[in-house]
Every structure is written in C-alpha cells, then in structure tokens.
Amino acid sequence: MNDEYKQAAPVAAPGDPALADAVLEVRGVRRAFKRPHGEPLVVLESVNLNLHKGEIIGLLGRSGSGKSTLLRIVAGLIKASDGEVIYRGEPLHGPAEGISMVFQSFALFPWLTVLQNVEAGLEAQGMAPDEIREQALRAIDVIGLDGFANAYPRELSGGMRQRVGFARALVMNPSILLMDEPFSALDVLTAETLRTDFLDLWTENKLPIQSVLLVTHNIEEAVFMCDRILVFSANPGRVVAEIKVPFKHPRNRLDPRFRQLVDDIYSRMTVRHATGKATVLSIGERLPEVSTNLMAGLIETLASETYKGRADMPALAQALALEVDELFPLAESLQMLGYAELESGDVQLTPLGLQFAQADTQVRKIGFAKQMLTRIPLAAHIKSVLDERPGHRAPAVRFLSELEDYLSDSAAEHTLSAVTQWGRYAELFTYDDAAEAFSLDMPEAEAS
Amino acid sequence: MDSRTGAGDPKITLNELARAPAAVRRIVAHPYLAVRGIARGNLPSPWDIVAFALLFGTLVLISFGTSQFGAPLSALEKTPIDLNPWALPYYALRTTLRMGAAMVLSLIFSIGYAALAAKSKRAERVLIPTLDILQSVPILGFLTFTYTFFLGLFPGRVFGAELASVFVIFTSQAWNMTFSVYQSLRTLPPDLSEACTSLRFSPLQRFRRLELPFAMPGLIWNMMMSMSGGWFFVVASEAITVGDQTITLPGVGSYVATAIAEENLGAIGWAILAMLIVILLYDQLLFRPLIAWGEKFRADNEPGQVQPESWVLRMLQRSRFAALLWKPVDTAVNRILRPRRAAAARAESPLQLPSWTPLALDIAWYGVIVLAAAYGAWIAVRYISHAVGFGEVGHVVLLGLATMARVILLVAVASLIWVPIGVAIGLRPRLAAMAQPVAQFLAAFPANLLFPVAVMLIVSFHLNPDIWLSPLMIFGTQWYILFNVVAGASVFPHDLRDAADNLHLRGWLWWKRAMIPGILPYYVTGAMTAAGGCWNASIVSEWVTWGKTHLQAHGLGAYIQQATTDADYPRLVLGVAVMSLFVVSFNRVLWRPLYRSAERLAGVDE
Ligand SMILES: Nc1ncnc2c1ncn2[C@@H]1O[C@H](COP(=O)(O)OP(=O)(O)O)[C@@H](O)[C@H]1O
Ligand SMILES: [Mg+2]
Chain A
1 MNDEYKQAAP VAAPGDPALA DAVLEVRGVR RAFKRPHGEP LVVLESVNLN
51 LHKGEIIGLL GRSGSGKSTL LRIVAGLIKA SDGEVIYRGE PLHGPAEGIS
101 MVFQSFALFP WLTVLQNVEA GLEAQGMAPD EIREQALRAI DVIGLDGFAN
151 AYPRELSGGM RQRVGFARAL VMNPSILLMD EPFSALDVLT AETLRTDFLD
201 LWTENKLPIQ SVLLVTHNIE EAVFMCDRIL VFSANPGRVV AEIKVPFKHP
251 RNRLDPRFRQ LVDDIYSRMT VRHATGKATV LSIGERLPEV STNLMAGLIE
301 TLASETYKGR ADMPALAQAL ALEVDELFPL AESLQMLGYA ELESGDVQLT
351 PLGLQFAQAD TQVRKIGFAK QMLTRIPLAA HIKSVLDERP GHRAPAVRFL
401 SELEDYLSDS AAEHTLSAVT QWGRYAELFT YDDAAEAFSL DMPEAEAS
Chain B
1001 MDSRTGAGDP KITLNELARA PAAVRRIVAH PYLAVRGIAR GNLPSPWDIV
1051 AFALLFGTLV LISFGTSQFG APLSALEKTP IDLNPWALPY YALRTTLRMG
1101 AAMVLSLIFS IGYAALAAKS KRAERVLIPT LDILQSVPIL GFLTFTYTFF
1151 LGLFPGRVFG AELASVFVIF TSQAWNMTFS VYQSLRTLPP DLSEACTSLR
1201 FSPLQRFRRL ELPFAMPGLI WNMMMSMSGG WFFVVASEAI TVGDQTITLP
1251 GVGSYVATAI AEENLGAIGW AILAMLIVIL LYDQLLFRPL IAWGEKFRAD
1301 NEPGQVQPES WVLRMLQRSR FAALLWKPVD TAVNRILRPR RAAAARAESP
1351 LQLPSWTPLA LDIAWYGVIV LAAAYGAWIA VRYISHAVGF GEVGHVVLLG
1401 LATMARVILL VAVASLIWVP IGVAIGLRPR LAAMAQPVAQ FLAAFPANLL
1451 FPVAVMLIVS FHLNPDIWLS PLMIFGTQWY ILFNVVAGAS VFPHDLRDAA
1501 DNLHLRGWLW WKRAMIPGIL PYYVTGAMTA AGGCWNASIV SEWVTWGKTH
1551 LQAHGLGAYI QQATTDADYP RLVLGVAVMS LFVVSFNRVL WRPLYRSAER
1601 LAGVDE
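Going down the list, the protein sequences come from chains A and B.
Position 31 of the first sequence, counting from 1, maps to 31 under our numbering, and the rest follow consecutively.
Convert by adding 1000 to the 1-based position in the second sequence; the result is the number in our numbering.
One thing to keep in mind: the hints can contain errors.
Under 8 Å between C-beta atoms, here's a sample of chain B residues computed to sit facing chain A [stated by the list, open to error]:
no.	residue
1	1197
2	1213
3	1600
The calculated lysine-lysine pairs, modelled on DSS-like cross-linking and capped at a C-alpha distance of 25 Å, are [unchecked claim]:
no.	chain 1	residue 1	chain 2	residue 2
4	A	383	A	365
5	A	79	B	1121
6	B	1121	A	34
7	B	1119	A	79
8	B	1296	B	1327
Covered, in the sense of this in silico footprint (three residues per stretch, anywhere, with C-beta under 8 Å from a C-beta of chain B), are these stretches of chain A [as the list claims (entries may be wrong)]:
no.	segment
9	94-104
10	117-129
Keep in mind that the hints were calculated from the coordinates and are not lab data.
Cβ atoms here follow ideal geometry from the backbone N, Cα and C, with glycine treated the same way.
Chain B with its partners taken away, still in its complex shape (with noise of 0.2 Å):
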C-alpha cells in the first residue's frame, strides 16, 4: 500500500471502480492473453524458432517410426457399433470416461509442467515457447500420427487405440490449463509469499498451502473450458480412418460416425440427444459444484458479488453420509502430507558452488536444446523437400490463405451478430443468468454432431461448398463469444453505466465511449477462443461426407484430411506445421496486441 497517493487522489476511486471488474476477468480471460512477461513483444523470438523445430523434429521423427511399424494395425479387433438407442447410455458412459481420464492427465500435466516452467529459469526459456506452439498446432490433424503411434506401442490391442483418443482429448484441454497455472504460479501474492518463507514452511507444504490454492479458482475454469472444447474432439476421435483401417472405439462419436456411415437420420438425433443429457449432468454435478466450492480459494478479500450457488455442493457439505465419506479422505491427505519435523531453515544457497558452475549448466542446457533443434529442424525440412519438395510449400500457403479469409470473415460476422445481443443480455442481470449457462452448453455441445444435417441442405438446395461448408467451422465455437461478451456486460460497473446516461452517450458513441472499453478484454478472450476453434474445425468441416456423398471446401483443412485419408504423412506434417504458423502468427499479431491495448483501455495497466 505503499504506492497510494493522497486521499483525494480521484485515482484511487477509479481503482476501486475497476477492482470488481478485475477479479472476474483474470478468471475469465484466456490465461494465454493474460500470461505477462514471457514475450514482452509480439515478434517471434529465437526461442519461439528453437521450439518449433523441437516440436516438428519430434514429429517428423515419429512419423518416420510408425511408417515402420505398417502392420499390425489391421490386426486389431472389430467392435461393430449398435445403432439401437439403448446402446447409447453405455456408450456415453465410454465417451465420458474417456474425457474424464483426458481430464485428470491434463491436470496433472499443467501442474507438472507449469511448476517446471514457473521455477526454474532454464526450463522456462524453451517451454513456454514450446507450449505457445502446442496450442496452435492442430488437434485434428495430429488424429493420424496418434492413433499410429499408440498402435504401434500396442499392436493389435484396443487399449492402444483407447490410449490414442484420451491422448487426443488431452492435447484439447491441456494447454490452456497450463497457461493458467503458469499465470497463477508467476503472480504470487509476494505478501503470502514472504509469509510462507517466514514462516518456514516445505516446498510441499507451501505447494499445498499457498501455490495450489492461488492457483486453483483459474484452473477450474480452465478445466471448465477445456471440457466444453473437449467433447468436439471426444466425438471427432473415436471414430478414426487410418490409410486402409478404420478404427472405431465404442462411444458416441463412433455412434455418430456409423449412423453418418448408414445415413441414419434417426440415430443422429438420438446421439444429440445423449450428448445434451451427458454435458448437463457433467455441468451440474460437477462443474456448478467445482466452482461454487472454488469460490473460496479467491485471492482478494472483498466479498464475492455474485456467488455462484450449487445444489449438488450444498447437498454434499449438508449431508452427514458425505462428510462421514470425506473425513477419513481429508484426515489421510494431512497425515500423507504433514510435516514430520520443521524443514530445514532454508538458507539461500547453503551449499557452496564455485562460481562458474551456473555459466557452464547454462552452457551446457542450452547448447543440447540448441542442438536437439537444429537438428529437429533439418530433419524436418529434409523430410519434406524429399517428400513433397518445396513447390507444395508455396499451395499449401495459399490454401493457408483461403482458411485463414474464411476465419476472419466467420468471425468478424459472428463478432457482429453476437457483440449487440450479448450486451443486450449481459446489461440484464436476470436474462443474464438465465442466458450465460445455455451459451455454455452450446459452445460445450459438439457441432460435428449438426455437420450430417448441413451436407444434406447443401446437397439438396445445390449450394456451392466453398461457400457453405464455412459456417460449420464456427457453429461451434461462435458461442465463445457470446458468453465471454455477456460476462463482461454483466460486470460492467454501475457508475460507468450511470455517467454514460448522464452524458446522454447514444448510439455508436455509447459503444464506443462505454460499451466497447467495457467489454474488449473479454470479447477478444472469446473471439480468439473461437478463431482456434474454427481453424481446428476447418479439418472436419471442410471436408465433410454422408454416406457415399462427400464434399470439399478449398482450403488447409481439406488438405489435412486428405493427407490423413491417403496416410501421405510427409503432407500432414506440411499441412499442420503451416496451420500453427498461421495460428501462432495471428495470436501474436492479432490477439495479443489487442489484449494488451483493451486492458489499457479497462485500466488496468497495473
């Protein structure tokens, strides 16, 4: 509190104005957009080029193993998928165990990796890059190499195939739950950070008191969003066509891909329907539950303004049978993780190293990455200019373009349909209420569910598929918009709101002197969440079948599936390394600068 200024200082009132605001938002903002400090610009660093050859080394390396593997593959056993509607609750019980499995290794990856990265200065420099460039790569067009690759591990054996869609799941939810730990770990209250040193506590317990915690209200949502992103490729990952084999894993994605197989209309809308009860019941046992309970790791002292109620939570801390069941749970964990005697005063650097040592760890450390990605990075330009040579580069950009034109248009109308009525929405509180878990849902629902229902109007009306297969891309990740704008409207501080009146600002200079400040962090949150989403959706959309009808969009998407269909894999690493440029290049150009710069405007440059 040293930085305050005078009493009357007109500042401090605005401070106070934007506090309320502020909470919700680091919650709610993609934890990539709110990460400060890894990049100070946007242009690519060494390091950004250091992680892509790694992680394009990485696959090129792989692809080249599980072209040797070949084999086994048609050796694996056939579950026919039943198309009665009673099979559904036990395949959405796979589909859902499935998720949850991806759930829980991505959250051990996001701590494991964040805390790596947040503790130690070495490990951060290669892997923050590292998971900047993961999130972009995408998900869809890595569906081949996976399923190849655990097969491989696991010839002829179903648990390798089951192994290939958790991992598929997990790659969908586990970075922006790292970035949100990450962010977490790096903004350490330094107060509470001094007081766990104080008082001497073990890096254990300090993890436990302090760092998880703190960490915890960003990572629920985190876990939140990923599974709502999650059930897309839950569905697009269970039903797989490798080269000549087709794989399909009992669930409701395989469910749907049989009935598009069979073009059974019917079986579709059962499928929809199973998903719908599946994502309600995920929600409201437990996620409604997850985040009423996190409420109470919120750093800030004030008092919550809206407290998210639970009944399943409520339920569970009234009953007496469930705290019979969770007693033993909680006296177990702190006898697990109590100290058995005071830690050691932590002195800083009890152990005298000669002075040079650190110089030549850093030597050594980054000489091997350095290396490992010069070498990755040969490999990978050898692989594709024996494969395909380096004309292909050239069309694979331009069909890079074409996506990318689709992309901003999607999204620029979907920004301009949904912008006005999420505002309209979240300026009501009740509507709101009512209105943000239903955006919720519909941006948790699989859009690749719809996609049969859209290749039948386009086919029936003659619509030209360049144009019409588009909107899929976005059908499912418009709803980020939405519900992103309605949370920012409905946090948007009275008094504000109260001087806009007052002013009598109207029409488009209401927006853009009020609204539009307002609301910009969490719109460009949903707008960029939405822009990933449709250059993931574009595999799947721009290249769409019914039965025996199939058709195609030009585009990079197009180009991936295909490479994918035809098992061509040095074209799948071209396609997907040329996507995450272009994600990683917008993110970075678009995104990022915007964030900042709508942050400015919020006043919250702190």
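One chain only, chain A, in its complex shape (with noise of 0.2 Å):
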C-alpha cells in the first residue's frame, strides 16, 4: 500500500449548506420486521447520525442491537420503516453513487479472478473497457495486491481476500465506506495488519473516501480506528451514548488511557445489566445461545485463586482470548441464572456461583435445574407444559410460535435452542431432534 490514490473526489458544491460539513444525516430512523404472526420486530428506534467529512465513525453494540440493519439501511440494500437518510443533500433511495460497502464476510464472487472482483463495480457503471482496467489495477496497486490480479479467491488467505473487498470498493471512487466488521473473520494479527495499512492510507489522505462508518462490536478496534463511537444498544436498537475519541493516529493500545477508555465503554455496556438484574425475565426473554460447558468453565476460572470470584471483563477477555460478543452473553446467562453479577465493566460471582464451582457434576446438574426453573420463564414454562400433558410430550414448533410473538424467527430459533441445550443438561427435559419435539422420558438404559 504505497501508491497515490486520490482521485477528483466530488467536491461540494460551494453554498450547498447540506455538504458544508455532514456528507450524510441520518434522521429518526425506525426500522420493523414483519412477523408471520404478532406484532412486527422493531430493530432499529429514533437513530440519528451525522457523518462528518474526514471522520471515521464507530458502531458499536452487541450482536444483535440492530447495527447491520443500519448499515444496510445506509447502503440503501433495505429502507427505513420511518425517518429517512439524507445524502448529498437528497433523501435516498437505493444504492447511491459514491457509497461503497465492505463486508464481513468479503462477499467476493469465487468464480472471478481478483481483477474481475475488482471490475465488476464499474462494469455496471457502463465505463469503457480500457479505463476500467486502468482504474482497477491502480486500486489493486493501492491496497497491495499486485501480483495477485489473476488469482481466484479460494487461492488467497482471509486477510488478502478483504483486501480485494476493499479494492473493490475503493475502485468506485466512493465519498463514503461502510465497513460491517470487516476484521471479524481474520486472524488476530492478519486482522491488525490490515487496520494499519487502512488507517496508514486514511491518516495519509491517500483514499478518496471523505468519511467512513464501522461497524464493529469490538471495543478495542472502534477505540483504535474511530474518531466517534456510537453505543447501541438491543431490542429494539437505539444509540445510547456516543463517545469522542480524542486520540491522533497512530494510537497505541498499550497507552494508558487508551486503556482507560476502553474500560469506560466496557462499563457503559455493562450498565443495562446490572439493573437487569431485578426485573424479572418474561417467557419471551432473548436466551444467549453459550453451551453449558462454556457456563461451567467460565465459573471456575472466576472462582480459581487468579480472580477470586470477581474480574475486570476486558482483563478477562483478554486472559481467555474471547471477543466481546463471546464474553458478553456468557456473562449474561451466569447473570440470568443467578450465578454471577455484572456491574461497572466487572463480573462477580454470587454465593450460588461459588457453591457451583466446589459442587461435582451431578450437584451441579440438581442446581442448574432448580436456577432454570425459578429464573428462566421459557424453562418453567415447557416444563409445566409437558407436566400437564398426558404422554408429557410437545412439538417444537409450539414454543417456538409462542416466542415468535416476542423475537424475531431467528432470536426465537436461537432461544428455544439455548433452552433444550440447557434444559438437556439440568435433565429437566429431553429433545427428540428426529420428532422435532420435547418430552420428559428421559432415555432408559436402552439395551443396544
């Protein structure tokens, strides 16, 4: 990544007041999902954003708090239910000019060799054949990829396939990008090496982006790469604080108030859940899906002699080599459980917790299953489901509609899943994955 690459970059028109300082507002944004049955899903609430020329803004918020919805809302792939997305001084509608996306998964097409990837965008632009490969192997130059223009995807290693995604959206000479965790799916170091190299060409002017927006859900990275960061947070999403990064690039992580931050807007995700703590859970509550196992271990490293019972989450995220997104629901459901509790930025374990860790399996078990049923309402709720029945069985589908008029189908998928998975730990029912149903038989010592 050496070369120049800035090209006549549209300039705003001079007295156009909506281009003197936002490149793009977002106002009010609502965002709802049809449902098959009940209410629809509302994701996204009230949103407002202003992109600001030269600025790289960060979305951050658990999986699931509606941040890829807004990203897409902004790509113009899907429209806000209400409120609208201004840009270049017009609402907009669809795909615009000079906004370009990179994605979490590369979304390169397997059959094209990197320069046809790189083409293709301004293919649909209808531009001549020899300037789009002008254009396309200057980007391929610019993002580091020479040498490798007539590869397919599948030869290339994660890292150098994003970097065709980026190239292939730096070709459109775009005034805006949007990334949706565009490191996510790398390796550790493959994935900060291309945070260098980006913000390097960024801080260098050497891009014709005017601003970008990232979404991420790991606070290290928006600490590292933003100039703003918004926090959302879940069901439905909405921006809950928005936080100035007062940094210079090149920033170092190990900077103490680099650290100092970090741990701030862990606390500010962490506030919601310790209040969490005395509403009582409805049947439609949204279960984490971590496996018991997971649980398990979580609850023994915090009660070994390291932690003593209590640990800074980014400490312990950092010690256990989880992201966030992995810490933060199995936190959560040590939460739910009544086995720990969350507060400022930290995790404790409660008596309970303890008792657990010293406890041996089937202990445990017993006390997992009496947890479930006075704190989790959806386990309560099969149970006594199944209790009632005469065979003690019950389809799927019946919990599963029942939650659908809370969650969306895919929430209420993972729900009922995190559900069996404990429920089949605590031994409080069974599933029958081939009928697809619950019951409360649970295997004899079957004689094969």
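Take the two lone chains and join them into the complex the hints point to.
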C-alpha cells in the first residue's frame, strides 16, 4: 500500500449547506421487520447520526442490536420504515453512487479473479473497458494486491481476500465507505495488519473517501480506529451513548489513556445488565446461545485463585482470548441464572456461583435445574406444559411460535435452542431431534 | 459468522467435519429432494390439486384435438431402416443430434422456468407444484399424444416426428435441471446478493455474475444425470406405433426396433456397441470437460478435495488454436452483455402504485388459475366418465398397486445388493475412482436395448412373465443406487471412520451407527431416481415383443402400453394420471421425509 490513490473526489458545490459539514445524515430512522404472526419486530428506533467529513465513526454494540440493519439502510440495501437518510442533500433511495461497502464475509465472487472482482462494479457503471482495466489495476496496486490480479479468491488467505473487498469498494471512488465488521473473520494478526494499513492510507489522505462508517462489536477495535463511537443498545436498537475518541493516529493500545477509555466503554455497555438483576424476565426474553460447558468453565475460572470470584471484563476477555461478543452473552447467561452479577465492567460470582464451582457434576445439575425453573420463565413454561400433557410430549413448533410473538424468527430459534441445551444438561426435559419434540422421558438404560 | 459461539464449542468441529461432504451432497443430491420450503409438509396442498387439474385438463384438450386431426398421419413418408452395421455411425449421429437438441431446449427451459418461479411469488405458487407433477408423469405414456400432436402441427412431414422425438427426450431431461436451477436461485448466498445490489448491477449483470455461475455446478451435474436418463428415451421414442401407423426416425432406436421386428440378434449386438461408443464419447468430450470447468463455480471457497480432471479440457486450455477460436466469442459476449450506462439506482418501487393494486392483481391472477384448474378438472372427469366409466378407475388403481408392488420389491432387492457393494467400493478410493465412471456409464446405457435378450430367455425357459419381466424394470436404473452410494461412502469423513474403528463398532452396529447415517442422503437420491425410472420403464418392460412373440405382465405399465397400441386416448389419459398420482405420492410419503431425516442425521439441518 504505497501509491497515491486520490481521484477527483466529488467536491461539495459551493454554498451547498447540506454538504458543508455533514456528508450524510440519518434522521429519526426506525426499522421494523414483519413477522408471520404478532406485532412487527422493531429493530431500530429513532436513530440519528451525522457523518462528517474526515471522520471515522464506529457503531458499537452487541450482536443483534441492529448495527448491520442500520448500515444496510445507509447502503440503500433496505428501506427504513420511518425517518430518512439524507445524502448529498437528498433523501436516499436505493444504493447511491459514492457509497461503497465492505463485507464481513468479503462477499467476493468465487468464480471471478481478483481483477474481475474489482472490475465488476465499474462494469456496472458502463465505463469503457480500457478505463475499467486502468482503474482496477490502480486500486489493486494501492491496496497491496499486485501479483494477485489473476488469482481466484479461493487461492488467497483471508487477509488477502479482504484486501480484494477493500479494492472493490475503493475502485468505485466512493465518498463514504461502509464496513460491516470487516476484520472479524480474520485472525488477530492479519486483522491488525489490515487495520493499520487502512489507517495509514486514511491518515495520509491517499483514499478518495471522505468518511467511514464502521460496524464492530470489538471495543478495542472501535477505540483504535474511530474518531467517534456510537454505542448501541438492543431491543430495539438505539444509540445510548456517543463517545469522542481524542487520540491521534497512530494509536497505542498500551497507552494508559487508551486502556482507560476501553474500560469506560466496557462499563457503559454493562450498565444495562446491572439494573437487569431486579427485573423479572419474561417468557419472551432472548436467551444467549452459550453452551453449559462454557458456563461451567467461566465459573471455574472466576472461582480460581487468579480471580477470587471477581474479574474485570476487558482483562478477562483478553486472558481467555474471547471477543466481547463471546464474553458478554456468556456472562449474561450466568447473570440470568443467578450465578454472577455484572456491574461497571466487572463480573462477580454470587454465593450460588461459588457453590457451583465447588460441587460435583450431579449436584451442579440439580442446582442448575432449580435455577432454570426459578429464573428462566421459558424453561418453567416448557416444563409445566410437559407435566400437564398426558404423554409428557410437546412439539417444538408450539414453543417456537409462542416465542415468535416476542422475538424475530432467528432469535426465537436461537433462544429455543439455548433453552434446549440447558434443559438437557439440567435433565429437566429431553429433546427428540428427529421428531422435533420435547418430552420428559429420559432414555432408559437402552439394551443396544 | 454472527452465529458462531465460543471457540471451544464442540459443535464447530462437527460442523467442520460435515462441511466437506456437504458441498458434494449439495450438488449430487436430487434437486427435488434438496429444495426447501416449497411444501413444508408432505401433505398435498391445494396447489397440487390445481397443478394436477391444469396438467391433465391440458392433456385431455390435446387428445381431443389430436383425435380430430386423425387422417394426415398416414401421409408420412417412410424411411426404411438399414440393418447393415455400417449404417450405424450415421444413425448414431442422428440420435446424438436429437439428444443435443433436446438438451439445448432443456437448458433454455430450465433457466427460464426456474428464474420465473424464483422471482415471482405468484408464478412460484403454480409453477413449482406443476413441476412436481410433471416430473412424475410417465414420459413413455405421453408418447402417443406427443406424436399425434406434433404430426398434427406438421402434417405429413418428418419434421413433425423429429420434433416429437426431441420433445419426448426433453421431457425426460428438463425437470430435474429445472429443480436444480430453482434450488440454486432460492439459495443464493445473501452476502453476494447484497454485493450485487450494492455495486448496482443491472439484472442482466446480476444474472451473468451471480445467478448463473452459482447455479452452474448443480446444473452441470443434473445435465449429466438427465443425459444419462435420456438415452433410454431416445431409444424408445425413435420408433413408435400410433394406432396403425408406425413411425421410424433414422437413429439407433429405430435400428433396434427394426432388428427386433426382424429377429436379428446380430444387429442388436452392433447397436449395443454403437451406443457404448456414443456414450463414452459424450462423456469424454462433453461431460468430463464440463465438470472440470464447472469446478471453478463452486461457491465454497475451500479448495476442493478431489479436483475433477479432464484431458480434453486441459488440451483445450493449453491449445493456442482453441484460444484463438474462443477469444472472439468471449469479447463478443462481453460486448453484448456489457452495460452501456450505469443502471439506474434501484430504489425499491420508485413508482408508487395505489395500495390496493397488489391485492387486486393477486385476486385476478389466482382467480384465473383456479378457474382454469376447475375447468380442467371438469373436462378431465367428463372425458373419462364418458368414455370408460368410473368402474375402470378401480381396475386401473389395482393394476397400479401391482406395478407398485414390483417397484418396491425391486428397489429393495437392488438396495440389498448394491448398498454393501457400493460402500465397499466407496471406502477404497482407488477402486471408487475406477468404479464410479463404470456405474455412471451403466446407468446411462439404455437398458431397453437388452430387452430382446431377456424375452428370448423367458420364452425358451417357459418362465412366468409376471415375475420374470419385472427385473427389466430396474435393470437400467439400479446403477443410480450404486453410484450414489459409492459417492456417499467415498466422502465419508475419515475421522468418523477412525472413531468407529476406535469404538470397535462391528457388524450391524457399524452399519447402524456409522455407515448408514453417513450415506443415507446419497442413497435416498439414488433410490428415488431408481424408483422413478422403474415406473417409467414399466411401460416398456411389462409389455415386450420379439418378432411375433409377445409377452405381457399384469400391471399399469402394460395397461398404458395397450392403450397406446389401441390408440385408446381416454384409457391412456386415465392410466397416465393414475401412474402420476402413484409417483407423486411415493415422492411425498417416502422419499422426501426420508431425505429430510437423512439430512438431519448427517447433521446438516441448517
Ligand atoms: N431480514 C430480517 N428479518 C427479520 N429480522 C431481522 C432481519 N434482519 C435482521 N433482523 C433482526 O434484527 C435484529 C438486529 O440484527 P442486526 O442488524 O444484524 O444486528 P447486529 O448487526 O447488531 O448484530 C436481530 O434480532 C435480527 O434477528
Ligand atoms: Mg451484524
């Protein structure tokens, strides 16, 4: 990544107030998804944001908080149910010229070479073939892919593939670049290389882009890259905090002020969970799909000498090599079951949690079953339905459709899958995958 | 990748394991089985009934029409068939051309029909159930209609008969290809689809860059399957007797028909040899290169385990001459397909229709369809009741049961024989590599060429035709079971094999716990194809002739053949309809549920 890659970027017409500062505005955007039955699912509620020139904005939030939905609305891939996106002074309808997107999964066409992938977007513009070739080669050069032009994506490593993703977006000469967790499918080192390479191009003004909207669930990544971070809460997704990052690029992750900011954001993101303790869960509460093995592992780790029952989440995440997105649901599930509490960025085992760590498997299971029945209404509900039914069996769709009254289809499935896993571990009920039914009969000592 | 849970989750390794075979399974599986979400349950929906009524109403209308044409048939000029072996290359060429023409038709049809069904909800409602029934209609029962219809369109011209033959082959090829394209279009990777929208592709560019390439591997595989099934029908459709008129188109099929009439066993031997060579050439010159080329369209970015090889493709890719020929074609295609200007940003529904329009359109569209279906059902019922009476229906259903008993028994026996052999072969990679093409070849070989031999045996040993004609039904299609099982066993994960050994799984337990769940999806595809082929073949194998000798078994196939010979259209329609019903029910009640649970067992229930 060395060459100058700055083309005649569209310059705001003089005197155009909309473009003077904000490159793009999101005004009161709401988005709901229809469901087969029940109320529509509201994913985003009154979201406002301005993208300014020369700014990298981060959308930070847990998985399912609607970040990708917002990004897709800005990209013109889906429509807002309410509110509007103003781009270049006009409401946005559909994918606009000057807005490019980089995908988490790279989204490269496997049957096209690197060069063809980069050219595909220009082709759609109806540009002359010579010009297409020239611009594509330039983008490939800037992004550090020389020599790979004729390779197919499957021949490339993940990092190289994402570079193609960047080249394909940049060759369109965009003024806004949208990125949906562009580094999260890469290993740690590759991701870091790509981040710094991108930031180098950005700070040296070698990109045509005026501003960047980056979706991430990784707090460190957000602090490392962004100038402003918007923190999303879930159900429905809305901006709960806006944090300015005052550091200059290149940033040092080990700088105490950097660490302090990361810690701050951690605590802000756990605030909701601290109050969650008092509220009673409903049947339709979304359950994180984490395995009981992981829960037990975390409890044991917390109970160990190192942590003595309490740990700082960022430090814990680092020690366990977990992403926030993996640690949060895990800690949250412990909280739901009453084994731990979350407050200001710390996770603290409850006495029950400490007991669990000491107990043997059978005792653990009995305790777990009790916690499930008292604290997870969905589990109690399934159990009571099974108890009442003469055959002690009930089809999964029954509960699934009940859940779908509260949750999106996929969230309902994940939740049911989570409760199934937990219930099996606790020996509360069994699930017959072939018949797609819950039942109470545990397998007898089978003679086979 | 949002759905991935913790790194230590054991689920992930299992998924990893399941992934490699899944890629193969997706392509090899019968697309009809793999299509998801068309009919969630296996119970008939109202749309099935609509499709059924529409189809058979049309059939009745055609048969009405054709019985009016009547006379001009006899005017057709006759080309005598020369039994000299040296005439065979020419006949083989004609047969091959017919096959090629039908394949081109099938390609166009499958892409058009599938695109329509995948893009319009309204069309999908009708098109997919129709396709479901179409694929279960016994093609050979159709023969008479087809010929009378096309000869009616082109009275006295050979061209009409040629078209009829091509159409028959087309009907044997198109349906599974269509299902395959439809299945691909329904499962386009969402991220690539979004990338197309975000890059503002025009519909044409989207088709060229995403939809067609993504559908390609499945389409190529199904073309090959279709081709392989098609040889049987090309042979059966070249020579046909409608009423008192016998039509013979120059080709291998007619050559064989003439040899049968003249009881010339030597000529049959030559025909078999010619067919062998043609199939081999088709395979080497067309399908191996196609498959090797199609490899580049595989959507999963993992490097393939076994790269298909083709010497022809390698030669073409290396040869300057081929490149010289290809280059202008490529640039021409590019020039034609290249967008001239930026596609207008596709705002979702830029033109504001009044809110009642979709509903009104729905009512109009479905109203017309339902009315047409009601009319179709009415004329079909009236036609049958007038001409044969409803007492006949019971009789036909009984005959159907007899044929069904044969089909079930034959598939069971063939499975007992070929599954263990297939697994034994599949687990030995070298052997599998050798056996796979042989099995595919045997499946392609038109078994009807061998029927005369069977007749002679039955006659000379005074065997009971009700029993001994039956094996002919499955003779040509049993190979599908073999090669699907070989495919399944050869991608059976190594770790699982090791684990099974480690657990000392032996004997029946080994089959039950390890092997059967592993190969079941493949087996179901093979067995369904074999069973479907059986039903079709019953029409020619429950009723066979050798010179003046005529053998007949009791069954629905013989009933249909009899009606064909007598040009008795109402009975023909009835027989074909009942057989379709049997096949559709089989697919719904047996194969689809079995495939679903096989998939679930294999752990690919995404
Ligand atoms: N097309 C859709 N239909 C229904 N629900 C959807 C759709 N897309 C997203 N959702 C739901 O919206 C919520 C937010 O999703 P998403 O924007 O992908 O969150 P994030 O990117 O923050 O993880 C999730 O609960 C998801 O299930
Ligand atoms: Mg997301």
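A quick look at each hint next to the structure:
no. : hint            : in the structure
1   : 1197            : holds (6 Å)
2   : 1213            : holds (4 Å)
3   : 1600            : holds (6 Å)
4   : A:383 - A:365   : holds (16 Å)
5   : A:79 - B:1121   : holds (21 Å)
6   : B:1121 - A:34   : holds (17 Å)
7   : B:1119 - A:79   : holds (20 Å)
8   : B:1296 - B:1327 : holds (19 Å)
9   : 94-104          : holds (count 8)
10  : 117-129         : holds (count 7)
Comparing the model with each numbered hint stated earlier shows that all of them hold.
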